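Please take these sequences and the hints and turn them into a complete structure.
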Amino acid sequence: MKASKILAWLAIAIGAIYFFVPLIGTFEFSLRMRRGVYSFDAYQSVFTDDQFRATFGFSMLMALVTIVVGMLLIVPTAYWVRLRLPQMRPVVEFITLLPLVIPAIVIVFGYLRLYNSSSWIPFTGSTQGTNILLTFSYVTLALPYMYRSVDTAMRTIDVRTLTEAAEILGAKWPTIMFRCIFPNVMSGVLSGAFITLAIVMGEFTMAALLNRPAFGPYLQLVGANKAYEPSALAVIAFAITWLSMGLIQLVSRFSKLTPSRP
Amino acid sequence: MTTASTSFVDRRTVIDWLGIVPFMVFALAFLIIPTLYLIVGAFFNPAGEFTFQNIVDLFSPSILGAYWISIRVSVASALGGGLIGFFLAWAVVLGGVPSWIRSSLLTFSGVASNFAGVPLAFAFLATLGRTGLVTVFMRDWFGFNLYSTGFNLLSFFGLTITYMFFQIPLMVLILTPALDGLKKEWREAAEILGASSWQYWRMVVLPILWPSLMGATLLLFANAFGAIATAFALTGASLNIVPILLYAQIRGDVLHNPNLGYALALGMIVITGISNVLYIWLRTRAERWQK
Chain A
604 MKASKILAWL AIAIGAIYFF VPLIGTFEFS LRMRRGVYSF DAYQSVFTDD QFRATFGFSM
664 LMALVTIVVG MLLIVPTAYW VRLRLPQMRP VVEFITLLPL VIPAIVIVFG YLRLYNSSSW
724 IPFTGSTQGT NILLTFSYVT LALPYMYRSV DTAMRTIDVR TLTEAAEILG AKWPTIMFRC
784 IFPNVMSGVL SGAFITLAIV MGEFTMAALL NRPAFGPYLQ LVGANKAYEP SALAVIAFAI
844 TWLSMGLIQL VSRFSKLTPS RP
Chain B
2 MTTASTSFVD RRTVIDWLGI VPFMVFALAF LIIPTLYLIV GAFFNPAGEF TFQNIVDLFS
62 PSILGAYWIS IRVSVASALG GGLIGFFLAW AVVLGGVPSW IRSSLLTFSG VASNFAGVPL
122 AFAFLATLGR TGLVTVFMRD WFGFNLYSTG FNLLSFFGLT ITYMFFQIPL MVLILTPALD
182 GLKKEWREAA EILGASSWQY WRMVVLPILW PSLMGATLLL FANAFGAIAT AFALTGASLN
242 IVPILLYAQI RGDVLHNPNL GYALALGMIV ITGISNVLYI WLRTRAERWQ K
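In the order they appear, the protein sequences are chains A and B.
Everything in the first sequence is counted per my numbering, starting at 604 for the first residue and increasing by one.
Everything in the second sequence is counted per my numbering, starting at 2 for the first residue and increasing by one.
Careful: at least some of the hints might be erroneous.
Stated by the list, open to error - Computed beta-carbon distance windows for the label pairs:
1. Ile609/A with Gly182/B: 23 to 31 Å
2. Pro208/B with Ser642/A: 52 to 60 Å
3. Phe781/A with Gly182/B: 33 to 41 Å
4. Asp17/B with Ile617/A: 48 to 56 Å
5. Ile56/B with Ile617/A: 39 to 47 Å
6. Gly49/B with Arg782/A: 52 to 60 Å
7. Glu770/A with Gly182/B: 56 to 64 Å
Simulated from the structure, these hints should not be mistaken for laboratory data.
Just so you know, these numbers come straight off a predicted model, no measurement behind them.
We put the beta carbon where it would ideally sit given N, CA and C, even for glycine.
In structure tokens:
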């Protein structure tokens, strides 16, 4: 027992070193811009960079659009599959897991061949079209996470009874969808939304190959050209990821406090 | 009466199926058809004739070399991350450490497993790069020059330890529930029957846990195999792993044969596909014991 406890602490120590040293290293490096003293110059340089603001804003907007489009696609589908097509559940679940199997770079390669300017659906022919394609690519990437969080939330409510009750009261389907189902799976929608935010903000491959000015390609560009700014950006990116995950925890704790009434 | 009821059933069935049309159309247009397009394209030459030549060409030394280094990085980071991740999960579930460590580790793992891509490369450059914190610290305090030992962050080894930063937490997240599933009664039963701790682990825990362990390691492997952003930001195009080769191919047809590019993508799908299928199969085996 004694030996195993020492071993356990040893494992924790190794893990802690592995996790914290790179984070401390990054933070320390980001403060080194001014010679001899620690300063926040690198952060100042990042925040005053127009490119930073433009790409950060672009990716934020993309993340929001991705969340809205993704949820409008996934919540009704998950609802419908539970209510009317339970036999299709394995198929839908399998499809939602595919983006974890097929590497992102392969998916975007397919887009570039299928939707280029000389094809019959020339998404990449215009800026607007490329933005739409990028949104759809992000929805695809987020599909496994969004679907799973929504489906988990839907498991805790009785979809059938809710629907029947609403129908008896004379509700039409938009009312059922947006005033019954969505509010009841809000915890799932929100955790799916926050993980999507974290994914989209850091995503590199899709945006780089579709040539859109997103945050990921900007990070790569700064990394190739500057010394201290990349570390400052890594700290900012880590903070975004941390914030997203923290919000997910908060949401799931919140939803436990208000138990759904079956 | 009969006809009316059948047509009613039919109409209802049609509406039922219409409900998942948007999802299916989306999945076909943005996931399945683009992938199939590449898979089919791998079996044709630029003139549009059916051929296996692209698949044969994958076995040329340069492409085979790219696959080989990708597989080595993925295997090494999966095994390394898997091992450390397993010990961490074991420590918080069975090692008797305070429970706040468990919850902090799980929260942190959720964050760190999603902290990949370009920023992760920056973090390791700032830590183990030529002027990184650890490199400078070891040089100034111990007179030890890391880079004189032949260590280079922009290499196979460097990429492996960088990938492990997201591999370890992923392993922790997958294995913690599996270790939670080990029932106390099993250990007690083994002890009553006179088993040593070693025998308990070898004859009870491992046979139950191996599908989870193997499955999780396979998932880690596939996870590393498809990753590109970290490697790209860390090494530029200098480390010739498959995703970077494919990236260069998409950008500028470096292989001078678009269909060979499709075959390259097909090879990636086959490798990640096989490891995921095995993972799912192993997970269903593992779940038998978690009921």
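>> For each hint given before, does the structure comply? Return the numbers of the non-compliant ones in rising order.
In response: 7
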